[in-house]
Structures are given as C-alpha cells and as structure tokens.
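Asks: Line by line, the protein sequences give chains A and B.
Residue 78 in this note's numbering sits at position 78 of the first sequence; the count goes up by one each step and never skips.
Residue 87 in this note's numbering sits at position 87 of the second sequence; the count goes up by one each step and never skips.
All clues stand as given, with none of them false.
Examples of chain B residues lying across from chain A (beta carbon under 8 Å, computed):
(1) E11
(2) T16
(3) D21
(4) R85
(5) H89
(6) E97
(7) L98
(8) L102
(9) P103
(10) M110
SDA-like, lysine to any residue: derived pairs with alpha carbons at most 20 Å apart:
(11) K92/A - R100/B
(12) K92/A - F9/A
(13) K75/A - T28/A
(14) K86/A - I37/B
(15) K36/A - V94/B
It should be emphasised that the hints constitute simulated quantities derived from the structure, not laboratory data.
Glycine included, C-beta positions come from ideal geometry on N, C-alpha and C.
What follows is each chain in one-letter form.
Number of protein chains: 2
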Amino acid sequence: MKRAFLGEFEEVVLLTVAVLDEEAYGVTITQELEQKIGRAVGFSTVHTTLQRLEEKGYLSSRMGGATAERGGRRKRFFMVTATGRKALHEVKLVRDELWRALPPQTLQLMGS
Amino acid sequence: MKRAFLGEFEEVVLLTVAVLDEEAYGVTITQELEQKIGRAVGFSTVHTTLQRLEEKGYLSSRMGGATAERGGRRKRFFMVTATGRKALHEVKLVRDELWRALPPQTLQLMGS
DNA sequence: TCCATTTGATCGACATTATCGTATAAAATA
DNA sequence: TATTTTATACGATAATGTCGATCAAATGGA
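Hey, can you work out the whole structure from these sequences and the hints?
Replies: Right under this line is the structure:
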C-alpha cells in the first residue's frame, strides 16, 4: 500500500492523546478512549497503535520519572506533533465537507 | 477480530454514497470521492469497499436499466441503509465529542 | 537485601481493511 | 457478430485493528 495515512482507530487514539494533553500515557489513554467510544479495548491494542503513530511521526514520546505512587514501571508519555495536528485537521476538513454536502432529507433521517 | 465496524475509507465511501443520493454507482462515487479527498483511488478499490459495506448491511444496491448513452454494462446503484446512517451518525458523535474536549491551545495551533 | 506486588510497556500473532492490477461482463453500434 | 465503451468482479498483497502473553521497573516489607 502507498497510503500510510490515519486509520480509523489511529485517529481516535491521536485525538485522545491531544485531549489528555500532559497526562497522556498508556493507561490514561486507554481509559479516556473507552469512555469516549463506549467500548472496551485492550492495553496492547492501544500501545500498538501508539507505537505506529509514533513511527509515522504523528506522536512523540518521553519516559516519565518516578512518582509518589505505590510502585510500577515508569510511564511513557505521548504528545501530538505538529504533523499529527495537521493530519487530524485535514481529515476533519474532508469529513466536514462531506457532511455539509449531504442532502437535507438524509440529515433529517439521522436526527442530528 | 470481533469488531467489524467502519474503517476509515469505508466511512468516506459511505458518506459519498449518501451525498450522491440517487446517482451513486461505481464511477460517480469514485469521481466524487477523489474530488473530496483530493487524491486518486482505483475503481477496484472503491468497488471492493462498496461490496464490504453491503455485506455489513450499511448499503443496499440495485441494478439500473438501459440508458441513452453510448453503450456499456448496466450500473449498480447504491443506497445507504438505515443501519448505515446510524453508523455514520455514531462515529460522528464520538469524534465531535473528542474535538470538543481538545484543550484550547491545541485548537489554536491548528487554526481551525 | 531480596522478594512479592503493583503498574506499565513490549512482543508475536492473526483478523480485517485498504489498495491494485487484471480479467470479465454486458450493452450499443457499425 | 466483432468492436468499442462502460462497468463490475476477482485475486493478491500491504497496512491497520486487536489480543493474549511476556517482560520490565519501581516500591514496600519480610
């Protein structure tokens, strides 16, 4: 494939990282995501996607330091890059454009 | 996978069918799609996706009759089903919600 | 010190989607 | 009925989506 663009799940994960801002790492991302999309997803699913998004340059990450919590491995925090923001913006523009072009009666049937 | 939801490309194809309303078949869908998303896609790509969307119940189709045109095979027209409309609506709600939750400074960086 | 517990990240594998290139079908017309 | 035109169907491969299982690091006690 030549594409290497944003997949459907990749997009919501990227958005979720953006929403969490400074507090985005595996666990919080998974929780917020589940809450927003209304279904459960495995940690590994999210991690895999985060890794791919980083490879594509849409995310960057850094390891966090020790905290006051009980214990546990260090967190890897994620941040959306400028490229990532651009990609999000672009797909939104395309969809908004399509939604605007929908026939009125179709919109009505969806009650939105 | 248990999911079988709307993929990213499937979503724009479904939206395009909705936009074209009565005139949605392979060729017109491909053209409209290319125009909206700003890149070329093969007919076969679109056809494959249409078929999957129909299998999932998001689209229904019927064969068109003869026309006054030069010649050529009959067209298969597509229509979005109620289920399809619902799916479109739902993914939109999720994304809109996420966009609303973005921190202001992130939005600002995107200039939207 | 060192081990159990806690919290997260990483690996490997497989299912589903995205995408092409090529082949095939059907309609009109010469 | 052969040819041209317009479209759909098929087969194959790469990218994404999704898990289950494993590994890593930090901390509090024994």
